[in-house]
Each structure stands twice: as C-alpha cells, then as structure tokens.
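Asker: So the chains spell out like this:
Protein chains: 2
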Amino acid sequence: MDSSAPIGIFDSGVGGLTVMRKLIAQMPHENVVYFGDTARVPYGNKSKETVLRYTHQIIRFLQTKNVKAIIIACNTASAFALHEVEKAYPLPILGVIQPGAQAAVNASAAHQTSGNRIGVIGTYATIGSRAYETLIKKIDPESQVFNQACPLLVPFVEEGLLEDPLTDEIIARYLSGLKAQEIDTLVLGCTHYPLLRPAIERYMGAAVTCIDPAEAVSQQLQNVLETAGLLRQVGDAGAAPHYECYVSDAAEKMTEFANRILPFQIENVHKINIETY
Amino acid sequence: MDSSAPIGIFDSGVGGLTVMRKLIAQMPHENVVYFGDTARVPYGNKSKETVLRYTHQIIRFLQTKNVKAIIIACNTASAFALHEVEKAYPLPILGVIQPGAQAAVNASAAHQTSGNRIGVIGTYATIGSRAYETLIKKIDPESQVFNQACPLLVPFVEEGLLEDPLTDEIIARYLSGLKAQEIDTLVLGCTHYPLLRPAIERYMGAAVTCIDPAEAVSQQLQNVLETAGLLRQVGDAGAAPHYECYVSDAAEKMTEFANRILPFQIENVHKINIETY
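Just so you know, the sequences run in chain order A and B. With the working numbering applied, the first sequence covers 1 to 277. With the working numbering applied, the second sequence covers 278 to 554.
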C-alpha cells in the first residue's frame with residue numbers, strides 16, 4: 001500500500017461532505033476520493049440488507065481508486081454494514097459510530113454535573129439499530145442513553161432550511177423528550193445534522209455538548225494510518241492534495257452543495273453507475 | 278395478449294398505491310401487479326437520466342409478470358420517461374400527466390368564475406420538467422398555469438403527518454403563492470399528495486377544485502383496454518381479481534402503508550433486486 005494513495009470516504013448522499021471537511025482539516029496533506037450515492041439517497045429509512053448491498057458496491061468502487069483506507073461517513077451504513085465489511089476487505093475500514101460513541105462518553109464524563117446522560121439522534125435505521133447505545137454502554141456501563149429518530153431533519157437540510165422557524169419547530173418536537181431527560185451530551189448521529197448544529201444548540205442550551213462523530217473518526221483514521229506508516233508525506237511528489245468526487249446521480253446538485261459547505265471549490269464531480277460494481 | 282393478464286403499475290415507492298386504489302375502484306375485475314422502488318425512493322429530486330434508467334428496469338421487470346398494460350403512477354417518471362418508453366415496448370404504457378392535464382382543463386372550464394387559472398404542485402423533477410404546463414397549454418392555450426415544487430410534502434406524508442399543525446404550516450408556505458394567484462383548479466402532481474387532500478383543500482378553500490390524476494388515468498386505461506378487447510371478462514376462470522405487490526427494499530414497510538390506505542389487506546409483498554433487470 002502506497003502512502004500517497006487516497007483516503008476513500010462515502011455517504012448516502014452529499015451529507016458526508018461534512019465529514020470530508022473535518023477529515024481535510026485533520027489531515028490537510030491527504031488525497032481524498034469521495035463517493036455520494038445520490039441516485040439512491042436516502043439510506044436512513046431503508047433496510048439493513050439493502051444498505052449492506054449498497055455498501056459492498058461502494059467499497060468495490062472505491063477499491064478501483066486504489067484507496068488506502070475507507071471512512072463510512074454515513075451513520076446508517078456504519079450501523080448496518082461496518083461489522084460485516086470491516087474484515088472482508090484488505091484495507092482499514094472505519095465507521096463513525098464507535099469513534100462517535102467514545103467522544104460522547106468522553107464529553108459526558110467532562111461535565112461537572114454529569115449523570116452520564118447521553119442523547120443520540122439519527123435516522124430510523126441508525127436509531128433502530130441501537131448501535132450507538134450498545135457501544136456507549138460498552139464503554140461506560142454507568143451511562144444512560146436516550147435515543148430519538150429525527151427522520152424529517154434530513155429533508156429539511158437538503159432543502160437548505162438551516163435557519164427557519166419551521167426547522168426550529170421540528171427540532172423542538174424531536175428533541176423535547178431528550179431535553180426533559182436532562183441529557184448533558186447529544187450525538188449528532190447523521191452527517192446532515194452538523195449543518196443544523198446552531199439551531200440544535202440554541203434549542204438544547206449551552207449546557208449540552210453536541211458531538212459530531214466526524215472529528216473523532218478523522219482522529220482515529222489518522223492514528224490508524226500513522227501506525228501503519230501510511231500517512232502521506234509532505235515531501236511526496238505533488239504536495240498539493242488531490243480531491244475527487246463521484247456520485248451516482250447528476251453531478252450538478254453535488255457540486256452546488258459541496259461548494260456551499262467545503263472550504264474550497266470542487267470543480268470536477270464525476271457520475272458513475274454504482275449498480276455495476 | 279390475454280385479457281386476464283394483469284395490469285402493471287409502478288411508483289418510486291408506496292405513494293402509487295393511491296393510484297392502485299383508484300384503478301381498482303374503476304376496474305374491480307382486473308388483476309394488478311404493483312411495483313414500488315422502495316430501495317431507491319424518492320425519484321423527485323433525481324435526474325432525468327437516472328429516472329429513465331430506473332423506469333426501463335421496472336418495465337422490464339413488469340414484463341416478466343406478463344402484464345397487458347402499464348401505468349406509470351409516478352409523476353416524476355411520467356414526466357421524465359413516458360415519452361422515451363411508450364413506443365419502446367409492445368404494450369400500452371400510460372403516464373399520469375396527460376390524463377391529469379386533461380382533467381385539470383375540464384375542471385377549470387367547469388368553473389363559473391373561471392379564468393382558466395390552473396395550479397400544479399409536484400416534486401422538483403416534475404415541476405422542473407414543465408410537463409403539466411406544456412400539456413395543459415396544448416389542450417387549452419387560454420389557460421394560465423402556476424407551478425410550485427413542494428419537496429417537503431413527500432417526507433411529511435411518509436411520516437404519516439397527514440393532519441398536523443406543522444403540515445398545515447408547510448402547506449401554507451408552499452401554496453400561498455398559488456392562492457394569491459386565485460387559481461380555480463389545483464393538480465395534485467405527486468402520488469403522495471392525495472393523502473394530504475383534506476389539508477390542502479382546507480387551505481385553498483372550497484372554490485378550488487383539486488385534481489388527482491389517478492382517476493383520469495384509470496379511466497383512460499379502461500378506454501384503451503376496451504378498445505383493444507383486453508378488459509378482463511367477469512366470466513373468466515377465477516373471477517376474484519388477484520393483486521401482487523413487489524418492492525425493491527424490505528417488504529414490511531410497504532405492507533403497513535398499503536394496509537393503511539388500500540380498501541383490502543395486502544398479505545404477500547415480495548422483494549426483488551430491481552438492479553438486475
């Protein structure tokens with residue numbers, strides 16, 4: 001494996017760009033290949049069997065790009081598929097749930113007033129899998145976990161309603177139960193939710209720490225690459241990192257969304273037929 | 278072609294069951310095969326190329342069920358793909374847009390106070406295609422058409438929020454422009470919208486006629502089958518009609534939704550891998 005090989009990262013759609021942004025901030029020298037499954041988005045209300053099949057197809061596609069490691073940015077795919085794919089391919093494959101769970105336990109423990117009360121929000125699929133709850137309780141058996149599926153938040157983000165009275169209302173409806181439980185930490189268990197972070201923090205109040213698993217998984221991947229001697233060397237030929245984006249549906253929408261949230265312009269987004277992988 | 282062969286009908290997901298319901302009411306003796314592309318739903322924010330590819334796959338699948346005719350219940354697929362597929366297969370293929378446009382013109386003309394002012398609501402894809410507008414103006418060049426994409430209505434329906442203050446708010450936001458234009462007729466240009474009909478009618482007021490294209494396409498198909506001598510005869514062996522449902526993702530969700538809106542229980546929903554067709 002070549003240290004100048006790219007990191008692969010994928011999501012059901014464009015939401016995973018929030019993870020790519022954290023990854024680039026953490027490891028600014030790395031080359032990255034992103035895939036967004038925009039022809040089949042969303043995953044969050046689909047079944048484990050279907051999401052697992054999609055995940056295998058995407059990993060096979062990313063292998064054709066000679067990636068040295070893969071981040072499953074999508075929480076739903078991490079919850080449903082990581083366990084089945086992480087040993088099936090000869091490269092490191094990381095999901096967002098384990099690092100997110102660890103970060104949540106750490107943040108909760110840091111609270112002075114902590115009763116280790118952790119909330120988790122996500123899609124139906126992610127919440128239904130209880131993947132966060134299982135891992136959080138494995139790390140800290142004392143913790144109490146409160147789960148809430150928030151299926152309408154993804155469409156609201158896709159509509160760009162990040163700051164809107166209707167968004168505030170739907171957030172209040174979904175999160176009122178977690179607020180009543182006096183959680184101290186809230187896991188943003190979907191790649192779209194960090195874009196709603198200001199609205200969510202406003203509703204939950206300053207005493208609640210929001211956790212974006214993207215930061216933790218980027219740190220974890222850096223450790224994995226470092227241990228394996230696979231961090232890209234600054235002295236490598238062509239020092240400026242290279243970013244490639246692929247999608248399964250039309251490229252324009254991806255480009256628009258990407259350029260709204262990434263700290264640089266994405267110019268070339270390529271469309272592929274993911275069903276053939 | 279055998280008159281006892283089933284009618285095929287498909288949609289991006291479960292919404293097309295509203296069309297199946299009308300079809301069964303119109304032609305209670307017909308056998309029906311339904312396909313819902315639940316593994317790739319929704320279509321309404323995907324590209325023409327992708328929706329066209331999906332439509333070909335689904336028609337090829339329905340052909341394996343020996344259907345005698347196909348209704349494209351999905352407005353997005355009708356707008357993007359009907360023109361390309363209707364001559365490509367040796368059986369009648371009907372979309373919902375032409376009959377919906379005709380029904381809207383008829384309803385608008387029946388208004389005493391009419392200025393032939395017709396509103397159309399649908400997904401981004403359906404509205405962006407201007408398919409309704411083009412056909413309405415072809416039928417009645419005097420008409421004025423006012424278009425409005427309502428992308429959040431599908432997720433609200435999928436969440437079952439048919440009667441909810443938040444649904445009323447989002448309907449008011451989407452439809453206020455059409456109301457200000459004093460439309461007399463409103464085309465419900467997405468298979469999910471008939472489930473919001475009470476809320477939409479409440480907001481628009483009694484003077485506006487809502488058009489569900491499902492009724493018109495069912496009537497049109499009956500005419501087509503009658504002309505071709507393909508209406509199922511009541512005296513045919515096994516007079517009770519047979520209904521089969523297929524989906525591309527897990528069957529349970531489909532079964533639940535179907536049994537909520539159909540006037541009979543669906544017991545067997547079969548899952549297939551649509552990517553292989």
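If you're looking for bench data, these hints aren't it; they were derived computationally from the structure. Among the clues, some could well be false.
Claimed, not checked - Label pairs and their computed distance ranges (CB to CB):
1. B/536 x A/115: 39 to 45 angstroms
2. B/547 x A/159: 29 to 35 angstroms
3. B/547 x A/169: 20 to 26 angstroms
Stated by the list, open to error - Keeping only pairs whose Cα atoms sit at most 30 angstroms apart, straight-line, the calculated BS3-like set for lysine-lysine is:
4. B/530 x B/325
5. A/87 x B/342
6. A/253 x B/342
7. A/48 x B/364
8. B/456 x A/48
9. A/48 x B/415
10. A/48 x B/414
Remember, predicted model here, so these are calculated numbers, not experimental data. Here a beta-carbon is modelled for each residue, glycine too, at the ideal position from N, C-alpha and C.
Asker: Return holds or violated for the Cβ distance of residue 547 of chain B and residue 159 of chain A against the range 29 to 35 angstroms.
Answerer: 34 angstroms Cβ-Cβ, so the 29 to 35 angstroms window holds.
Asker: Given the hint that residue 48 of chain A pairs with residue 414 of chain B, does the C-alpha gap stay at or below 30 angstroms?
Answerer: violated, 46 angstroms
Asker: Residue 530 of chain B and residue 325 of chain B: Cα distance at most 30 angstroms?
Answerer: Roughly 27 angstroms between the alpha carbons, so the hint for residue 530 of chain B and residue 325 of chain B holds.
Asker: Is the hinted pair residue 456 of chain B and residue 48 of chain A satisfied, with a Cα-Cα distance of at most 30 angstroms?
Answerer: violated, 43 angstroms
Asker: Are the Cα atoms of residue 87 of chain A and residue 342 of chain B separated by 30 angstroms or less?
Answerer: violated, 40 angstroms
Asker: Can the restraint linking residue 48 of chain A and residue 415 of chain B be considered satisfied, given a maximum Cα separation of 30 angstroms?
Answerer: violated, 47 angstroms
Asker: For the pair supplied as a hint, residue 253 of chain A and residue 342 of chain B, confirm whether the alpha-carbon distance does not exceed 30 angstroms.
Answerer: With Cα atoms ~36 angstroms apart, residue 253 of chain A and residue 342 of chain B exceed 30 angstroms; violated.
Asker: Within 39 to 45 angstroms or not, the Cβ separation of residue 536 of chain B and residue 115 of chain A?
Answerer: Holds, since residue 536 of chain B and residue 115 of chain A (Cβ atoms, about 42 angstroms apart) stay within the stated range.
Asker: May I ask you to test the hint 20 to 26 angstroms on the CB atoms belonging to residue 547 of chain B and residue 169 of chain A?
Answerer: violated, 39 angstroms
Asker: Within 30 angstroms, alpha carbon to alpha carbon, are residue 48 of chain A and residue 364 of chain B?
Answerer: Cα-Cα ~38 angstroms, so violated.
Checked against the numbered hints listed earlier, the structure breaks hints 3, 5, 6, 7, 8, 9 and 10; every other hint is satisfied.
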